[in-house]
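Chemist: Sequence:
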Amino acid sequence: MTPKHIVVYATSDLHAHWRLPARGTGASPGGLAHVGAFLAGVDRERCLIIDNGDLLTGSPLGSWIARQDWPRGHPMVMEIERLGFDVAVPGNHDFDRGVQQLREHIGASGQIQFLCANWRNSDGSAALPASTVLVRDGVRIGVIGVVTGHVQRLSIYDELDGAYFVDPVEAVRAEAERLRPQVDLLLVSYHGGLERDLVTGKPTQYDTGEDQAARIIAQVRGIDGLVAGHQHRTAAVLAPVSSVPAPVSGVPAPASSVAVVQPGYGGEYIGVLKFTLLDGVIIERTATAVPLTGLDTAPRTADGAFGPASPLAELDRKAQQWCDSLCSLTDTQIHAAVAARLGGPASVLALPPEPRSWRQISAAFQAPYGVQHYRMPRRELVSALEVAPRWTMWGLDVRPSGGNQDAAVDFVANAALNAVLPPWRVQRAEVIDWFEELAVTEARVSGTYSRGYEAEHVSGDAPYPGYQHEHEQDHDDA
Numbered sequence: 001m002t003p004k005h006i007v008v009y010a011t012s013d014l015h016a017h018w019r020l021p022a023r024g025t026g027a028s029p030g031g032l033a034h035v036g037a038f039l040a041g042v043d044r045e046r047c048l049i050i051d052n053g054d055l056l057t058g059s060p061l062g063s064w065i066a067r068q069d070w071p072r073g074h075p076m077v078m079e080i081e082r083l084g085f086d087v088a089v090p091g092n093h094d095f096d097r098g099v100q101q102l103r104e105h106i107g108a109s110g111q112i113q114f115l116c117a118n119w120r121n122s123d124g125s126a127a128l129p130a131s132t133v134l135v136r137d138g139v140r141i142g143v144i145g146v147v148t149g150h151v152q153r154l155s156i157y158d159e160l161d162g163a164y165f166v167d168p169v170e171a172v173r174a175e176a177e178r179l180r181p182q183v184d185l186l187l188v189s190y191h192g193g194l195e196r197d198l199v200t201g202k203p204t205q206y207d208t209g210e211d212q213a214a215r216i217i218a219q220v221r222g223i224d225g226l227v228a229g230h231q232h233r234t235a236a237v238l239a240p241v242s243s244v245p246a247p248v249s250g251v252p253a254p255a256s257s258v259a260v261v262q263p264g265y266g267g268e269y270i271g272v273l274k275f276t277l278l279d280g281v282i283i284e285r286t287a288t289a290v291p292l293t294g295l296d297t298a299p300r301t302a303d304g305a306f307g308p309a310s311p312l313a314e315l316d317r318k319a320q321q322w323c324d325s326l327c328s329l330t331d332t333q334i335h336a337a338v339a340a341r342l343g344g345p346a347s348v349l350a351l352p353p354e355p356r357s358w359r360q361i362s363a364a365f366q367a368p369y370g371v372q373h374y375r376m377p378r379r380e381l382v383s384a385l386e387v388a389p390r391w392t393m394w395g396l397d398v399r400p401s402g403g404n405q406d407a408a409v410d411f412v413a414n415a416a417l418n419a420v421l422p423p424w425r426v427q428r429a430e431v432i433d434w435f436e437e438l439a440v441t442e443a444r445v446s447g448t449y450s451r452g453y454e455a456e457h458v459s460g461d462a463p464y465p466g467y468q469h470e471h472e473q474d475h476d477d478a
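In terms of UniProt numbering, the sequence shown opens at residue 1 and continues consecutively.
Since the hints were derived computationally from the structure, they do not count as laboratory data. The reader is advised that the hints may include incorrect statements.
Straight-line C-alpha distance at most 20 Å; calculated DMTMM-like pairs for lysine to aspartate or glutamate [said to hold, decoys possible]:
1. Lys-4 x Asp-279
2. Lys-274 x Glu-284
3. Lys-4 x Asp-43
4. Lys-274 x Glu-45
5. Lys-4 x Glu-284
6. Lys-274 x Asp-43
The structure presented is a predicted model; accordingly, all values stated were derived computationally and were not measured.
The task is simple: from the sequences and hints, build the whole structure.
Modeler: As structure tokens, then:
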């Protein structure tokens with residue numbers, strides 16, 4: 001009997017990048033334009049294409065798109081549909097603008113099957129199908145979609161509108177037991193990361209439950225391949241299956257390994273899982289993460305022929321023009337937006353002087369940790385700020401008369417101060433898209449936010465209690 005070859009292509013954490021910014025004088029290292037160039041001409045009858053979440057926000061393009069209404073569908077969703085994606089899973093950041101808006105974007109797609117086994121509506125019903133079965137060259141392929149169980153901790157409460165997320169391990173286990181007897185090949189698309197090395201078993205981070213890919217592989221029988229994401233890391237490995245629960249009726253014996261790929265961030269890589277089957281049995285599997293730097297991104301159609309440019313190319317051009325436009329937010333409003341997002345901590349921010357562009361704002365809150373939480377003696381903070389070129393402060397007094405100079409103070413500071421603040425004083429940091437946060441803030445203040453929200457917490461220019469005016473290095477008292 002002739003072997004059959006199935007290829008799975010996967011993206012994750014594209015974060016609305018059409019082309020990633022070039023590093024130095026080099027070419028763009030990736031983005032959806034590069035993904036499209038890679039996918040042009042692939043054998044559509046023997047492949048499956050998956051997006052593993054965090055598609056909609058996380059770049060100037062994503063923020064620019066979000067400032068407008070798109071009744072025919074979100075441009076990022078429409079683009080992956082144009083490129084022939086089959087399956088998509090929502091990531092935690094896809095909930096950033098609310099459950100209702102995400103539902104609208106999903107509903108506008110007529111081709112892509114959106115899956116999420118652990119997303120529940122407020123009444124406990126499933127928000128999306130847990131899985132789907134697709135047939136390629138006679139091979140029945142089951143795909144289970146699931147997102148990190150920490151969406152509720154990573155999102156703004158009001159935006160979830162009562163939605164909640166059950167344990168992804170249990171959700172995958174239940175669906176795998178149901179689906180495995182029906183398919184030749186079982187895949188999991190998990191918008192979550194790897195908590196340990198899949199070969200040695202050694203932990204790679206604190207196991208908080210946010211990332212559970214290793215646990216899914218170890219505890220759920222019958223998985224052949226898994227796409228991970230969320231951490232913006234790159235990995236490709238055949239994970240040995242060494243720990244499985246007791247046999248389940250109707251479920252085949254576990255494979256000796258699971259093909260796992262984690263395709264990084266922003267379309268720098270595309271994950272590729274390859275399976276060879278003979279008489280319905282997998283006889284070979286591989287996992288690779290293919291870099292996309294240097295690809296010819298001239299516009300092409302899905303079959304590889306040169307064709308019209310993607311609508312996203314023009315939208316990205318407009319977004320880049322917007323980046324060079326002036327940000328209307330004052331220092332006070334930016335401090336207040338940071339406080340509103342983080343629950344009200346004191347803040348020290350190094351911001352470019354006004355007038356300033358959105359590109360300058362983006363550089364001041366450089367990803368991934370645009371803002372970090374610090375604790376240090378007041379005297380040490382004062383000393384560090386003496387060499388900072390420009391900073392403003394909110395909710396904190398560091399003057400000599402402001403209190404015990406040896407007492408510890410808690411505050412947050414943006415990435416532009418990383419060079420002067422001691423890194424060992426960092427208490428914690430969250431991955432937050434501050435460009436998006438501040439773009440939404442400006443839209444709300446100006447009344448142009450696409451969902452019609454009023455300005456919240458950040459309207460007006462009057463200094464807030466405890467706000468200190470800016471410090472310039474060339475002041476006499478610097």
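Chemist: All hints, please: hold or fail.
Modeler: Each hint tested on the structure:
1. For the hint pairing Lys-4 with Asp-279, the CA-to-CA distance comes to about 9 Å; that is within 20 Å, so the pair holds.
2. Proposed proximity of Lys-274 and Glu-284 is supported: the alpha carbons are some 8 Å apart, at most 20 Å.
3. Of the supplied pair hints, the one linking Lys-4 and Asp-43 holds, its CA atoms being roughly 13 Å apart against a limit of 20 Å.
4. Only pairs whose Cα atoms come within 20 Å are accepted, and Lys-274 paired with Glu-45 is accepted, the gap being roughly 14 Å.
5. For the hint linking Lys-4 to Glu-284, the alpha-carbon distance of about 11 Å falls within 20 Å, and the restraint holds.
6. About 13 Å separates the Cα atoms of Lys-274 and Asp-43, which keeps this hinted pair within 20 Å; it holds.
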